[in-house]
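Trainee: Sequence:
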Amino acid sequence: MNNDWDDLEEQARERIINNSPKCLNPFRITRVDDPTGRSDIDLVTTWGIACKCDNNIGQVLGYSLKDFNKSYNGPLQFVRPLHFECGKCGLVSLIIDEHGFNSEVAQIEGGIGSATYRGTGETSPFHCHMCEATSFEVMTSFIYSDGAFDLFVEAPELPPENFFDLFEARGKCIQCGKVNVIASFEG
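So for the sequence shown, the numbering used here puts the first residue at 1; every next one is plus one.
Certain hints may be false.
Under the rule of at most 25 Å between Cα atoms (straight-line distance), these lysine to any residue pairs were calculated in the SDA-like manner [to be verified]: (1) Lys52 x Arg15; (2) Lys22 x Asn55; (3) Lys88 x Ala50; (4) Lys70 x Thr134; (5) Lys178 x Leu94; (6) Lys178 x Tyr72; (7) Lys88 x Glu137; (8) Lys88 x Ser124; (9) Lys66 x Lys22; (10) Lys52 x His127; (11) Lys178 x Leu166; (12) Lys66 x Asn55; (13) Lys172 x Thr36; (14) Lys70 x Arg15; (15) Lys22 x Val181; (16) Lys52 x Ser20.
Here are the simulated distance ranges between beta carbons [said to hold, decoys possible]: (17) Val179 x Val92: 18 to 24 Å; (18) His129 x Asp42: 34 to 40 Å; (19) Gly87 x Asp6: 44 to 50 Å; (20) Glu154 x Asp97: 23 to 29 Å.
If you're looking for bench data, these hints aren't it; they were derived computationally from the structure. Backbone N, C-alpha and C define an ideal beta-carbon position, used for all residues, glycine too.
Take the sequences, apply the hints, and build the full model.
Mentor: In structure tokens, the structure reads:
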């Protein structure tokens, strides 16, 4: 029995490593090195995103965490949903909204998803913490814990890559080169 469990866990790990979560379907993606520093303790997959026109530079549109959590006094970070506006063709594509472990489980149970903070209304562009520019190359990281593996063992028909625990978006500023944390929240 334990060997079967280990085999299924390894299958889940391979599937997560080789497949991006469905929230990245609107993009052309490439694997990039993990910028989170968590790969020594968790399974982390990181994907660079580009518009369908192949341009990977644009603005990230969203909602400031400070608008939802008045006690937050750190640098600008966004809550969900996040969008990418292509700097070449202008196409706006959803990066993430009701995605991740908690949202997927809620949807399986008949709900619509889950989010601690969720913006509505008009979005604003993320700006660099160093130079205030708004054009970035964007990397998305998905951090998985044992829950994704356990779920896959119990329900192998479910895609484990969609059951990430944490999401992080980082943007490399086109103007000054600083890598900014754009968003970091539970899935």
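Trainee: Now look at each hint and say whether the structure bears it out.
Mentor: Hints and how they fare:
1. Lys52 x Arg15: Holds - the C-alpha atoms of arginine 15 and lysine 52 are around 24 Å apart, at most 25 Å.
2. Lys22 x Asn55: Judged against 25 Å, a Cα distance of about 20 Å means the pair holds.
3. Lys88 x Ala50: Holds. Lysine 88 to alanine 50 sits at ~11 Å (cutoff 25 Å).
4. Lys70 x Thr134: holds, 24 Å
5. Lys178 x Leu94: Since the Cα atoms of lysine 178 and leucine 94 sit roughly 24 Å apart, the hinted pair holds (cutoff 25 Å).
6. Lys178 x Tyr72: At roughly 22 Å apart (the allowed maximum being 25 Å), tyrosine 72 and lysine 178 satisfy the hint.
7. Lys88 x Glu137: holds, 13 Å
8. Lys88 x Ser124: holds, 18 Å
9. Lys66 x Lys22: violated, 28 Å
10. Lys52 x His127: holds, 23 Å
11. Lys178 x Leu166: With Cα atoms ~22 Å apart, lysine 178 and leucine 166 stay inside 25 Å; holds.
12. Lys66 x Asn55: violated, 30 Å
13. Lys172 x Thr36: Holds - the C-alpha atoms of threonine 36 and lysine 172 are around 14 Å apart, at most 25 Å.
14. Lys70 x Arg15: violated, 39 Å
15. Lys22 x Val181: Between lysine 22 and valine 181 the Cα gap is close to 22 Å, so the pair holds against 25 Å.
16. Lys52 x Ser20: This hinted pair holds, its Cα atoms lying about 16 Å apart.
17. Val179 x Val92: 18 to 24 Å: holds, 23 Å
18. His129 x Asp42: 34 to 40 Å: Roughly 25 Å apart at Cβ, these two residues miss the hinted range, so it is violated.
19. Gly87 x Asp6: 44 to 50 Å: Once the Cβ atoms are compared, 46 Å apart, the range 44 to 50 Å for aspartate 6 and glycine 87 holds.
20. Glu154 x Asp97: 23 to 29 Å: holds, 26 Å
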